[in-house]
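> Since the structure of chain Z is already known, use the hints to place chain W on it.
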Amino acid sequence: MNTSSKGFVIVASKNSNFYIYATNLAESIKDFYPEAQITLVTEERFIDERADVADNIIHCDNHYRAKLWGMAQTPYDITMYLDADMDCEHEDIMNVWDNLKDYDMVFHELTKEREKFYAIREFSYNGNMEKYTLCGGVCLYRSSNPLVREFMEDWFELFNKQYNGLWTPDGFNDEQWRQDLAKFDQTTLWWLVNKVDKYKDLKIGFFHDDIRWNYFTQYGYEGLHSIEGKPPVLRHYSGSLKKDTLIV
Amino acid sequence: MQRIWLNNAFWETPKRQMLNAISEETEQPNKVKREVHKLNKYNDDGTPNELFNEAVEFLGEEVINAATKKRLEKKQAEAEIEKEKKLEKERSKKLEKLFEYKLETFEIDEIKNSKNRLLKSKLRRSKSIPEVNLYAMMIVKESLEDEHIK
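From first to last, the protein sequence lines are chains Z and W.
Quick note on my numbering: the first sequence kicks off at 1 and runs consecutively.
Quick note on my numbering: the second sequence kicks off at 1001 and runs consecutively.
Among the hints, a few may not be true.
Taking lysine-lysine pairs in the DSS-like style, the calculated list, with each CA pair at most 27 Å apart, reads [unchecked claim]:
1) Z:112 with W:1094
2) Z:30 with W:1085
3) W:1070 with W:1038
4) W:1085 with Z:116
5) W:1070 with Z:116
Covered stretches of chain W, going by a simulated chain Z footprint (3 or more residues, C-beta under 8 Å) [as the list claims (entries may be wrong)]:
6) 1065-1076
7) 1094-1103
8) 1107-1121
No wet-lab data here; the hints were simulated from the structure.
For every residue, glycine included, the Cβ atom is placed at its ideal position computed from N, Cα and C.
Pulled out of the complex, with its shape left as it was, chain Z reads as follows (with noise of 0.2 Å):
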């Protein structure tokens, strides 16, 4: 029998608002499945009654990218991770663990007809294009793996080092790195990857139909669709809603 812990993480910090989206996710996703367990990492100064959907909390600072923090604080065996702005639409968020397989790490594809909805997607290195294309929306991850927590806590490191301008690597174009990628965690991801030699074993998939699992409210623009014609399972709003104003 497998004991493994499974968890969900949801991370809200530096404006009230992701508070609210990510309890009301937190809501959403109990709405399908009432026993998730759910680890909402936030700010001492949101926490309200809302927070009592979570089963557990974790204080975090207020910090841009608490998220990649966070991550690495997951109490569970097998994490999933998920932006604060989704919704939960399906009931089959339940079987989200099946995703895992014998992978340590599991994504929603950055694919060629998705890339009109992501900041960039393509960037020079080493005089060469390459791409991201693991989008760290939604990550389902073997926490039980040190080295997976170990890769958490570097993307987070990395990322404060990168963004603070302590971190430039070589060959990257200079005014693409200050104009795109330095803000990036997404670019931290990609390093990570395929950059650093002790992460080089880590399995790394995508989920199956994998559109499903991190919808963005954009997709139906263009009419994107699952491949199973399933309807989406999560859906984010991240380029819709008005993150720093009010909502009421």
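Same frame as chain Z, now just chain W:
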């Protein structure tokens, strides 16, 4: 120099008075002149259009009819896809608005503080703004009744 007509020619009008056709003429070895024609059956002075007749004779009406049918079906399928895409976009935009509306609704104190999971879940899963309003009213009503009892 012989002129040939490509077999994707189609009738522009149901009465078959205008033909859209592509001709190819080999001018020199390895150099083909390709021209798109919109040919009326008759010239302005009412005389038969020789080029129209040439194309129809070369291809045969059956070939043109079949190409016309195929083109029409393709156009209809494309229009259907376009229509579906437009609808899908509208649906997505509506969903975005609906989601924001729900978040606002959940900020109403009586709803925020309600412990009625069932109604809150119904509100969250509502498919339209009127449905959101309906469940919001039920939750507020319940809260007012609870207050009255106290």
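> Enumerate the violated hints, using their earlier numbering and listing them in ascending order.
2, 5 and 6
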